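**Q** Residues per chain are reported as follows:
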Amino acid sequence: MTSENAPAPGSEITLRVNGKPHTLYVDHRRVLLDLLREDLGLTGAKKGCDHGQCGACTVLVGGRRLNSCLLLAVTLDGAEVTTVEGLGGDGEEPHPLQRAFLDRDAFQCGYCTPGQLCSAVGMLAEAAAGHPSHVTDPAAPSGRPVPLDRPEIRERMSGNLCRCGAYPGIVEAVEDVIR
Amino acid sequence: MPHTDTALGAPAERLEGRQKVTGAARYAAEYPLPGRAHAWPVPAAVARGRVAEVDTSAARALPGVLAVLTPGDAPRLAEPEDATLAVLQEPRVPHRGWCVALVVAETPETARAAARLVRVRYDSEPYDVELTEDHPDAHEPDVANAGLPGRVEHGDPEGAFAAAPTRVDVAYRVPPLHNHPMEPHATTAHWDDDRLTVYTSSQGGTTARSVLAQMFELPEDHVTVVSEHVGGGFGSKGTPRPDLVLAAMAALRTARPVTLAYPRRYLPTVVGHRAPTLHRLRLGAAPDGRLTAVVHEVTTHTSRVKEFVEQAAVPARVMYATPNLRTVHRVVALDVPSPSWMRAPGESPGMYALESAVDELAEALGMDPIRLRIRNEPVHEPGTGKPFSSRHLVQCLREGARRFGWDERDPRPRSRREGPWLLGTGVAAATYPSSAVPATATARALPDGTFTVRINATDIGTGARTVLAQIAADTLGTALDRVRTEIGHSDLPPAWLAGGSTGTASWGWAVHDACADLAARLAAHTGPLPAEGLDAHADTAGKADAEVPYARHAFGAHFAEVAVDTVTGETRVRRLLGVFAAGHILNPRTARSQFTGGMIMGLGMALTESSTLDPAFGDFTECDLASYHVPANADVPAVEAHWIEEDDTHLNPMGAKGIGEIGIVGTAAAIGNAVHHATGVRCRELPLTPDRILAGLPAAG
Chain A
6 MTSENAPAPG SEITLRVNGK PHTLYVDHRR VLLDLLREDL GLTGAKKGCD
56 HGQCGACTVL VGGRRLNSCL LLAVTLDGAE VTTVEGLGGD GEEPHPLQRA
106 FLDRDAFQCG YCTPGQLCSA VGMLAEAAAG HPSHVTDPAA PSGRPVPLDR
156 PEIRERMSGN LCRCGAYPGI VEAVEDVIR
Chain B
47 MPHTDTALGA PAERLEGRQK VTGAARYAAE YPLPGRAHAW PVPAAVARGR
97 VAEVDTSAAR ALPGVLAVLT PGDAPRLAEP EDATLAVLQE PRVPHRGWCV
147 ALVVAETPET ARAAARLVRV RYDSEPYDVE LTEDHPDAHE PDVANAGLPG
197 RVEHGDPEGA FAAAPTRVDV AYRVPPLHNH PMEPHATTAH WDDDRLTVYT
247 SSQGGTTARS VLAQMFELPE DHVTVVSEHV GGGFGSKGTP RPDLVLAAMA
297 ALRTARPVTL AYPRRYLPTV VGHRAPTLHR LRLGAAPDGR LTAVVHEVTT
347 HTSRVKEFVE QAAVPARVMY ATPNLRTVHR VVALDVPSPS WMRAPGESPG
397 MYALESAVDE LAEALGMDPI RLRIRNEPVH EPGTGKPFSS RHLVQCLREG
447 ARRFGWDERD PRPRSRREGP WLLGTGVAAA TYPSSAVPAT ATARALPDGT
497 FTVRINATDI GTGARTVLAQ IAADTLGTAL DRVRTEIGHS DLPPAWLAGG
547 STGTASWGWA VHDACADLAA RLAAHTGPLP AEGLDAHADT AGKADAEVPY
597 ARHAFGAHFA EVAVDTVTGE TRVRRLLGVF AAGHILNPRT ARSQFTGGMI
647 MGLGMALTES STLDPAFGDF TECDLASYHV PANADVPAVE AHWIEEDDTH
697 LNPMGAKGIG EIGIVGTAAA IGNAVHHATG VRCRELPLTP DRILAGLPAA
747 G
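Those protein sequence lines, which keep their order, are chains A and B. Heads up: the first sequence begins at 6 in my numbering, then just goes up one per residue. Heads up: the second sequence begins at 47 in my numbering, then just goes up one per residue.
FYI, nobody ran anything at the bench for these hints, they're computed from the structure. Wrong hints could be hidden among the right ones.
Stated by the list, open to error - Not the full set, but computed from the structure, chain B residues with beta-carbon under 7 Å of chain A:
#1 Val67
#2 Glu668
#3 Ala672
Said to hold, decoys possible - Covered stretches of chain A (chain B as the covering partner; in silico rule of three or more C-beta atoms under 8 Å from a C-beta of chain B):
#4 55-63
#5 99-106
If you're wondering where the values come from, they're calculated on a predicted model, not measured in any experiment. Note that the Cβ used here is the ideal one computed from N, Cα and C, for glycine as well.
Sequences and hints are given; from them, build the entire structure.
**A** Encoded structure:
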């Protein structure tokens, strides 16, 4: 038997997803996106390209926005993951950004939408923490919250492709929650 | 129709919106059927030839692999009408990327790993993937896409052009383009004895069902097709693609439910693309701007699998009055992937070329391009002589000019500068046909005062589910929240696919008729409703497809402002503004998204999107989203869509024209014309990338 024919190696990990702990035995090749979709049935995170090029799989890991298709699940033992299903918390009410996306018709087919929402939540935290972007004035004081005007929002949301072209609504929706 | 003042024309929120923003909306690959397996395709690695041998031993030896289907052993299917669906049926390889094997395994990881272990030996043959204007195999087809005649002409276009005092004779090129909906083409298939159920990412479940029934030789009622939510399509999911057939074969072979989500990188070769078009435009005009000759000649490619002719010369039959017209298509069959529909096939590349050439003519005449267009406004449709059911292009141009501030424009190129940036503005017109196809629908009144409308329509993001409920609510004289729409399931009354901007007109017509009938039945009914409710059914066959003595089209006007960096050659769009005349707008919220979404795809066509058939490999070079650049948020500036309400009684009961495609038509030309105004550089090949602009800048001084 060649190494190619051996059963796929795996490991047991424990991670919290939307506040709930899960202990799973994961194939070492499994990425977080497939763990969410196939093992946990959380299909909100979408597979658009599986190569970190489209952002449809964006989730929050430890509060940071990441492409879940590029994260090997086995590296996430102990991680805290939030998906679109968990954005609203336990309540019936959606997250203010989800409400704003509805108000602004910030989507059409809806396939990139969970990634856009998670990305926007992560992006707001980055700006609040003073992370500069490509369009931030280099003279701006470092470490201070970055005000989010339209160019900042567009730049920071550019890791999430939308083929329907809902970008104007997405920018307006983000503006709605920061006002 | 009876109107309440609430539903039609109201900016109703998408009925499935809450599901989409919470992640609850289910797409084709997201049905976790018990025992579900995963499939992974093996794409052909040669551009032309035959599969001589497939060695599957290493793949099959991998633990977790359930089956490997090859051309030698895949289930034999009846020959489909669409030859792109005859996958794994014979060893012939018509183009690179054609599916030559399919692995089915317990997990997607194992399926992917095993696909790499499949060894395919080919007998390869010389191939040709290069489209040229003078290709010796080019022929003139009788019929282009959408059943349109390949050639339409009248008068003496050659003589009139030669005699014209002002002439423009220019060549434009549009490269191959990819639809790339965010949801890859995917199907989950499941057999229960001799009954097949598929969850598929399709723009039309009725067609998917009949294709499966025909190919697997099943009665139609043994096939169930579910397409509840579809992550975009833009034409590439119009009719079934190979994922549907492959998933059904894999499920049959393994006796397991199987999901095949086609990998992104493999999509461009199997789901269709916008064929490249080479245009020659000749416009002849009198000194007052009146067109004396319009000649639009298009050369395009198709595959060896089937003939698809991008009907790019067609808009010249619609747009401008001229006594001498020639529009003609030539097509070359090459060893390339099969082209198909991409948002506004024909109009989109055709209007890029035509509207750019009109801008060149305006410059040659020293005339304002809006005035030139208005000067050539036809009374009847030039190609057919039919009167227009409605045509408000001039109003769109004037309203757009007012909103955009066109009158303040200095027409001289290179007249505005901001540091290293040259600024310019451009205008172009847009057109797209308004048609309808027959559909069926039922409407039911329930004793609790609510209504259910059922029709196998598909909402690929257009807002169809919502607007159909609005049509029903108005026709029934009830509130929108009392209407439930059931769509996206083949148990529902059959209807045509979401394509050609026909959805609202076609499905809406059937829903309207069913609801009108139900309203009449309710009016005649006395006493409480029976427990099962009261039904009405409608079939618009003979009505929706009736011949009409009118040319029916939507029109629009696009305005663009760009800044071009003289150092890098980069073009940034600052503003896009569109004004459309598309009948009654039934839902301003979703309509605006349709218009602006189309304009943004047009921005991509103008500036970022391009694909290349590499002659060395015979494959698309830009096959994924890292190399094929669909616009990102930072590429998209202020985009505005406005409309002129039209009252057109020759369309359908709603008076609505389709709006899904016209937004892309004209956008690329408006941007290209703005780049010329900014820089004096006339790029005649899309996209307008920095290398092309820079190459022109020094010459332009």
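**Q** State for each hint whether it applies.
**A** Tested hints:
1. Val67: holds, 4 Å
2. Glu668: Since chain A brings no Cβ nearer than about 12 Å to B:Glu668, farther than 7 Å, the hint is violated.
3. Ala672: holds, 5 Å
4. 55-63: holds (count 5)
5. 99-106: holds (count 3)
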